[in-house]
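A.B. asks: Same order as they appear, the protein sequences are chains E and B.
Sequential numbering of the first sequence, starting at 502, is according to this note's numbering.
Sequential numbering of the second sequence, starting at 377, is according to this note's numbering.
Read the hints as simulated data drawn from the structure, not as lab findings.
All values reported here derive from a predicted model rather than from experimental measurement.
A portion of the hints provided could be inaccurate.
Below, in silico cross-link-like pairs of lysine to any residue (SDA-like), each with a Cα-Cα straight-line distance of 20 Å or less [claimed, not checked]:
#1 B:425 / E:560
#2 B:437 / E:533
#3 B:425 / E:596
#4 B:425 / E:585
#5 B:425 / E:533
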Amino acid sequence: SQTIHQWPATLVQPVGSPLSLECTVEGTSNPNLYWYRQAAGRGLQLLFYSVGIGQISSEVPQNLSASRPQDRQFILSSKKLLLSDSGFYLCASAPGQGADTQYFGPGTRLTVL
Amino acid sequence: AQSVTQPDIHITVSEGASLELRCNYSYGATPYLFWYVQSPGQGLQLLLKYFSGDTLVQGIKGFEAEFKRSQSSFNLRKPSVHWSDAAEYFCAVEAGGSYIPTFGRGTSLIVHP
Numbered sequence: 502s503q504t505i506h507q508w509p510a511t512l513v514q515p516v517g518s519p520l521s522l523e524c525t526v527e528g529t530s531n532p533n534l535y536w537y538r539q540a541a542g543r544g545l546q547l548l549f550y551s552v553g554i555g556q557i558s559s560e561v562p563q564n565l566s567a568s569r570p571q572d573r574q575f576i577l578s579s580k581k582l583l584l585s586d587s588g589f590y591l592c593a594s595a596p597g598q599g600a601d602t603q604y605f606g607p608g609t610r611l612t613v614l
Numbered sequence: 377a378q379s380v381t382q383p384d385i386h387i388t389v390s391e392g393a394s395l396e397l398r399c400n401y402s403y404g405a406t407p408y409l410f411w412y413v414q415s416p417g418q419g420l421q422l423l424l425k426y427f428s429g430d431t432l433v434q435g436i437k438g439f440e441a442e443f444k445r446s447q448s449s450f451n452l453r454k455p456s457v458h459w460s461d462a463a464e465y466f467c468a469v470e471a472g473g474s475y476i477p478t479f480g481r482g483t484s485l486i487v488h489p
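Only chain E is shown next, with the shape it has when bound in the complex:
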């Protein structure tokens, strides 16, 4: 089965600072990768997904960006954080061949002050 690693686990950043969250996947190759944001008391909002290296689709226009430099590495970035970027960020991986089950990482709690 797949294992999803995310770091850092917790992050406190000032408004206007840059952001880099990393996600790596073990136990599979050529997965579909996803970034979600979960605000307090709300469901999951899909931010980005990727079906391959260098292929990124954005679901929500905002000041965040994503990159996939390697097959099993997915990075979420921002040049300047906003207060509204605070939340719980989850990375997910799916086999990418029709099985459709997503495996989730432990998440990163981001607080922007």
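Put chain B on the given structure of chain E with help from the hints.
C.D. replies: For chain B alone, kept in the frame of chain E given last:
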């Protein structure tokens, strides 16, 4: 586009009581349906999924769900709740092969001793 509704934000049950969490979806064809569970501060874990075939699906931790096409529902059930089942539960729907699930807003399960 598909959508999913979880009408109950919070559900409170006593330990040992039965449980049913509701999920209604909107999608023109037969969807892929999922239930995930999230413990506080953690990622999501798949409980069960429905792709096709038998409409009663068995999952992990003693959970089951029944797909009812006529009611566009996929309710999650457990005959006897344990205190460790207290968590957030998410229903998700996906157009087959789209690889992009839509999550409900979640139902928070509280278990009283």
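A.B. asks: Take the hints in turn and mark each one as holding or not.
C.D. replies: Here is how each hint holds up against the structure:
Taken as a hint, the residue 425 of chain B and residue 560 of chain E pair is broken in the structure, with Cα atoms around 24 Å apart against an allowance of 20 Å. At roughly 27 Å between alpha-carbon atoms, residue 437 of chain B and residue 533 of chain E are farther apart than 20 Å, so this suggested pair is violated. With a C-alpha separation of about 15 Å, the suggested pair residue 425 of chain B and residue 596 of chain E falls inside the 20 Å cut-off, and the hint holds. The suggested pairing of residue 425 of chain B with residue 585 of chain E is violated, with an alpha-carbon distance near 33 Å, which exceeds 20 Å.
With a C-alpha separation of about 18 Å, the suggested pairing of residue 425 of chain B with residue 533 of chain E holds against the 20 Å cut-off.
Violated hints for the displayed structure, listed by number in ascending order: 1, 2 and 4.
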